[in-house]
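Novice: Since the structure of chain A is provided, determine the placement of chain Z on it from the hints.
Protein chains: 2
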Amino acid sequence: MKHVYFFGDGKAEGSADMKNLLGGKGANLGEMTSLNIPVPPGFTLTTETNIVFFENGNKLPGEAVQETKDAMAKVEAIMGKKFGDPENPLLVGVRSGARQSMPGMMETVLNVGLCSATIPGMIKLSGDARFVYDAYRRLITMYSDVVMEKAEGIEYEDEEQAIRPQLEKLMDALKEKKGCKEDTDISAGDLKQLCEDYKAKVKEVLGKDLPDDPWEQLWGGIGAVFQSWFGKRAIAYRRIEKLPDDWGTAVNVQTMVFGNMGDDCATGVAFTRDPATGDPNFYGEWLVNAQGEDVVAGIRTPNALNQHCKQPGQNDMLPSLEEKNPELYAQLVSIRDNLEAHYHDMQDIEFTIEKGRLWMLQTRTGKRNGLAAVRMAIDMLNEGMIDEVTALKRVKPVQLDELLHPMLDPAAEKNANKLTKGLAAGPGGSIGKIVLNSERARKMVKENPKEQLILVRLETSPEDVDGMSAAKGILTARGGMTSHAALVARGWGKICIVGCSDLDINYRERIVKVKGRTLKEGDWISLNGTKGIVYEGKVPVVDADPESNEWYKKLMDIAEKTKRLGVRTNADNPADAVLARQFGAQGIGLTRTEHMFFGEDRIKAMRIMILSDTAEQREKALAKLLPYQRDDFYGILKAMSPYAVTIRTLDPPLHEFLPPMDDEEKINEIATELGVDAANVKERIVQLHEFNPMLGHRGCRLGISMPEVTAMQARAILEAAAQLTREGVEVNPEIMIPLVGNARELENQTKIVHDVAEKVKKENDLDTLNYKVGTMIEVPRAAVTADEIAQHAEFFSFGTNDLTQMGCGFSRDDSGSFLPHYVDLGIYDKDPFQSIDQAGVGGLVKIAVEKAKSVKKPEDHFHLGVCGEHGGDPDSIYFFHKVGLDYVSCSPFRVPIARFAAARAALED
Amino acid sequence: MKHVYFFGDGKAEGSADMKNLLGGKGANLGEMTSLNIPVPPGFTLTTETNIVFFENGNKLPGEAVQETKDAMAKVEAIMGKKFGDPENPLLVGVRSGARQSMPGMMETVLNVGLCSATIPGMIKLSGDARFVYDAYRRLITMYSDVVMEKAEGIEYEDEEQAIRPQLEKLMDALKEKKGCKEDTDISAGDLKQLCEDYKAKVKEVLGKDLPDDPWEQLWGGIGAVFQSWFGKRAIAYRRIEKLPDDWGTAVNVQTMVFGNMGDDCATGVAFTRDPATGDPNFYGEWLVNAQGEDVVAGIRTPNALNQHCKQPGQNDMLPSLEEKNPELYAQLVSIRDNLEAHYHDMQDIEFTIEKGRLWMLQTRTGKRNGLAAVRMAIDMLNEGMIDEVTALKRVKPVQLDELLHPMLDPAAEKNANKLTKGLAAGPGGSIGKIVLNSERARKMVKENPKEQLILVRLETSPEDVDGMSAAKGILTARGGMTSHAALVARGWGKICIVGCSDLDINYRERIVKVKGRTLKEGDWISLNGTKGIVYEGKVPVVDADPESNEWYKKLMDIAEKTKRLGVRTNADNPADAVLARQFGAQGIGLTRTEHMFFGEDRIKAMRIMILSDTAEQREKALAKLLPYQRDDFYGILKAMSPYAVTIRTLDPPLHEFLPPMDDEEKINEIATELGVDAANVKERIVQLHEFNPMLGHRGCRLGISMPEVTAMQARAILEAAAQLTREGVEVNPEIMIPLVGNARELENQTKIVHDVAEKVKKENDLDTLNYKVGTMIEVPRAAVTADEIAQHAEFFSFGTNDLTQMGCGFSRDDSGSFLPHYVDLGIYDKDPFQSIDQAGVGGLVKIAVEKAKSVKKPEDHFHLGVCGEHGGDPDSIYFFHKVGLDYVSCSPFRVPIARFAAARAALED
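Keeping their order, the protein sequence lines are chains A and Z. Residue numbering for the first sequence is 241 to 1149, as defined by the numbering used here. Residue numbering for the second sequence is 241 to 1149, as defined by the numbering used here.
Extracted from the complex, chain A is given alone in its bound form (with noise of 0.2 Å):
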């Protein structure tokens, strides 16, 4: 088993392709060395030495250590400098790297070979005491805190306990007593006071002295890191992106370069797209004088790379590379190029400039939103870069969200009280109460999952990351586009606008100060993450408009060729059907004709039907709602033409339509049109209450006990048929029978059906009237018997809502007491009722599926569907694809989503 793998100058023994075993930064940097690609020389401690290394109790094996020197002795012989050299030091960096980005989550220790017998010799090679001992300052704090305190598992009640804030209080302090507004102002004799302030510190602390050898560092740098794979963040990072934790990270040691080691030293961030919209201009940022993590951590508001990325009023008085360095930047468009070319996608790159020599830290492939992600795919295809399958593939299904995101509604927009703007680091509006604090909007969130929170913070640090989850919006005082903020923004697709300098937060008194107004936390804002621009209280929401966006509608287009499960819409009314349509939708998955009862007359008469003791009142109740409900269906078949309308009889429990005990008025009318006692018209409403009415009388069971109730609903979706059909107008309802668990409750009502039919086409003088009666499984035992069910069937739709409740025994309206825990426990892995249970409700879908197809042939055409809001999950669209289903069923504005989950399942296949 090989432990290091090496890269320097134009050699490597790793490649792009080896993620697994030197993550996806070790992997990219083995790449980018073996294209030429100026990258500083070092090597990669694999994944799996990680693994081994905690199977050692945390300590690197015998052949780990003896390759580590192996390929350091090479490093040396290129740079031509010796690792703890006093004379010509080799300085490293001691680098994370999983196989998938896990920015920020893990530890980084800097600078190390930095030591008192070094010192001097770096002193001497850079000419700047000052930066040498800035350097060593990192060193220090960094080292103490990753390595002698967090990997050593020390924790503080008191955060303020911790070594780094007091080492920063060292460093506040120096700075006030010296007046120096920046770092830069201090200088190096008052910086080399200082580390030895910071050693004594860390003495006094962490009760032993920060290791002085170089080697010593090494080794406890890399354990640290290795280590840091089960640190807290990278722990809660991996939980919300459910990464598993038996990867391990690599550890990529590398040769130190500085963009700090004076005015032709720079650092930069860069993306080889804009990962905010797709635009395929080169866009990035970089600092003068400065080392990687300041861009990244937001402290400076970043230089533009070049003309084409500065933002009105935020960095565009600041040169950018192009116009101080044309021809360095030259060289970095030529390897944007390069890697462009090469990995066929947009890449996120670091680079520094020591003393106007150009480095590449890393490539990898680059975060970007949704709107950024269907661009740059399209675009791709377009440059010939990619082909179709490869497009899509590029774009996840819940990226398409953000192009279906509400936008703060423009013409109230432009009356709002702006308040300031930033940068339009997340695209999409959104408004919610103020939160300064990362750990209060986590509760608050999961208290009342509704509220609405906007968290505004000065800078966001891998620490924010369950309140960035928890919040509606993001807002940042400082950092750039390639700050954490904007990065984690930006992979979740939340709004969010950071670099926000005009903020001036107050933590401590919980307010927020900006141009003279002050916003206690709690009040309201509302973020244009579109354009950056951030208001006073709520402005109105409105829905998106992707139509408007050629990109998407190229994307759509190619999904729609693509996929072969079909999408309908859940509607109950012709505008939902309409709206639906211009999503995509091809016909009606699911109208719930229960919604249509609850109009003023409509409910008296329902109740009325409900509360009858015979037949003759019930019937004549039932002729009042028959024209209500004709009405309807004309309307939404009429609406869905020619395509199928899927139609649920009456499906909840009676009791959901009838008067509470209290509202005598209603009661008292009720029963003098029943020519009853209001008692008795209460005993009835007593009577009908249910212990668990979830598993009670409802669905299908309700139009057994009354056949009438079917009949009239089949007479007046038939009758909408037959005119719509005398009318000229293709109609095609499917009459869908609720909570069947038992063939002959099919049976039963078919029957109903099926007679209504006759007698419509008579009254109406038809030879043919196209309607189909089908049947919900959402019953456990109506899929465990599906081959008996089929026989009366031409149709089934999964009701995978009821499937999960009663197959995992999940009420919907309890299992908040415990489901979430069990998530947090990692007992199912999502939430059921989001995305289907794959193995076990999935299991009754599949078990169903199969019994249906093996008792019906391809001529009986008889189709299967899915109509619970799993319809519009593209997890459980997957699972419907590979299962067998023919179309899935969901809410007008997830159907694009649907149409696009269906293509990447089709393609999966």
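Hint data in this document are derived by calculation from the structure and do not stem from the laboratory. These numbers come from a predicted model, not from an experiment.
A pair counts as met if it fits within one copy or between any two copies, since identical chains are not told apart.
Below, computed lysine-lysine pairings styled on DSS-like, alpha-carbon distance capped at 27 Å:
{"#": "1", "residue 1": "LYS1070", "residue 2": "LYS991"}
{"#": "2", "residue 1": "LYS991", "residue 2": "LYS472"}
{"#": "3", "residue 1": "LYS1002", "residue 2": "LYS860"}
{"#": "4", "residue 1": "LYS1091", "residue 2": "LYS1122"}
{"#": "5", "residue 1": "LYS922", "residue 2": "LYS690"}
{"#": "6", "residue 1": "LYS991", "residue 2": "LYS482"}
{"#": "7", "residue 1": "LYS794", "residue 2": "LYS636"}
{"#": "8", "residue 1": "LYS683", "residue 2": "LYS922"}
Specialist: This is chain Z only, laid out in the frame that chain A set:
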């Protein structure tokens, strides 16, 4: 296709193995004829002919008509008479006969062939005009009722308008006018006139004449019997007995022999052994000068057949056949021996003596109650007549129920107020309110299924079957042990007393006078059906003592060695465990721990536990509960040693333990204990409310939310086990985690148990401690993912109650509003909570068994059981055997039935 099968004079076309085609009666008439037993010659129209008859628009097909005529010619040849011949007329009876006896549920027409033309010849032949007119009167009554009215489908709102009661009124009027007490007192001349009056009344009521042509009578009779297959009573009976509608009935046309042609004539019904007790003596009843229906209808109290079966106080003064005619009796005994030897089973026979000559009219396997079935099976086994397998098959599992039936408490009975005594027709003791009308009985029990009723009637008729089914016991004033009431009660294992002639029943006033006392409908009486004694009021009822029955013990010994399934019991306390062991249980399949929390001290600690906010408070409360639980488990484990005891951890939703919201005292007490406001406690109670508690926070979900509860219960079980182990008592506790739907839930809970076990072992200084951890399979998802769950389980126990609730989507508490209707409609054959729904819920069980077995090896000793209430239902037990479970578990009193049903299931393999 042959429609008609002849039998007579030692030759028969049919035989006993042709029951499906010829019906039971027809097949056995053929068999008896072939055995040279004297059977009046005749022929059988097949059941297939009945089907053809219905398909043919309720008409006999031409071939059947011709075959009938041919068969009649053979009968005429044997008898030397001619059908319709004025000089020497042949008369025939037309009787139904289905595959399986449906006593009295279909129609009969006797004396067919009597008409104006043949009456004089018959008078000459018989020398008894009175007899001939009486026979004619009977023909008119039957024919007008059965053929002209019922077969025509005529129905009356008031039953008094039907023809039969109107004819009976004419008869009653004549008797009153002539001062006749019995029918036999009416003179020939009066009877002749009565026949004329009858015919006029028939014409008046039904609008047409009684057919006077013998062949027209015959075709009418055959058609009416065929049609009676779909008569109301026949349909109702088939529904109760779960017989299919498509069998059809055969029709037997047979030479009439008359038991009422004078005092050298008689008729009788006998059983080759006593059907009520199993006593191996010949048992029967007879009446001089009577027709067979007189015995069955119970209109006259019959004589005993022999000395042995005389009932003290009933018919002990009337001469037995043995006394009256030893020669004929000897012939009958010889036939009886012949039949038992031939059929290897107890036969129910009918005979008629016509002018000193014995004729056998029927033999069939005799119905018997459970007590008799058990005794006969073992006696016949001992006699070498049958083998052990046959002996087991002779007893239906439900029949054992009767031996386990409660009895009146013998001690209390001594001091009870005895009303009267009748014939002990159905053993066991039962108490109930008097009800005098079957329809009322049916309705009352429908409204309140717990209603305890005793149906008290003069006699019962097939119209009473619904009422008999509804009542706990049956008491009649007339009839013998072979009367309708006795027959039906025996079949159903009902407590029954018949022929209780002291009863003077007034249906109109709804009172019963007995020895000067007057009881009203609704008054309580108590029946000792084993001795035939009726008591006033409620006599305490005590449990059965089957162990005193030697035949039962022998049968259970055979069952024990035959069965494969283990039988455990459900028991929550040591007393039940001891009782169940006496019944033969080998282990406990379910100990519910929640019942243990309802003691006065315990419930308080439980409530405090539930309402605690902190783990500290909760653990304090749990510490209080621990010793109680440990003591409970100690007792149960000890009582069941060395068998396994399956203990389920906490299952029900917590709110079941809470005080009602208006119990201020209890709430204040809890608040004080917890140091919070009462309002606070109330708020928590409201929070714990669930919409669908069945699908809510219960089962292992509690143990996962509050691991300390599982830990406490595990500790209580394991400490008890450790203590017993130290005392040298072998224990095998099986800790069962309820409501698992997901393997990770079980993994979570199993870990808690194992951790506690390690601690308990150490604390008790034990190297090993017997225990297993497994789960209930009661959530559909668990069945579908049983392979995953089995990885963490040492056993499964199917909780078929909840599996039915979730699998079918039926809340047990709410399904009363539709489930009975479902069973009526045939959507479910049986209530799925009583007998497992084999296709649906059983399908889930099957899936789970297959999946579990796919991942377990024999050396895992993984076992599968069932602990739902289905564990005591014979049909379900058969299913569980077939599907491969290892044991069933049921309530102590069901254990013998389960053991026996398990043996029966093993035989079917």
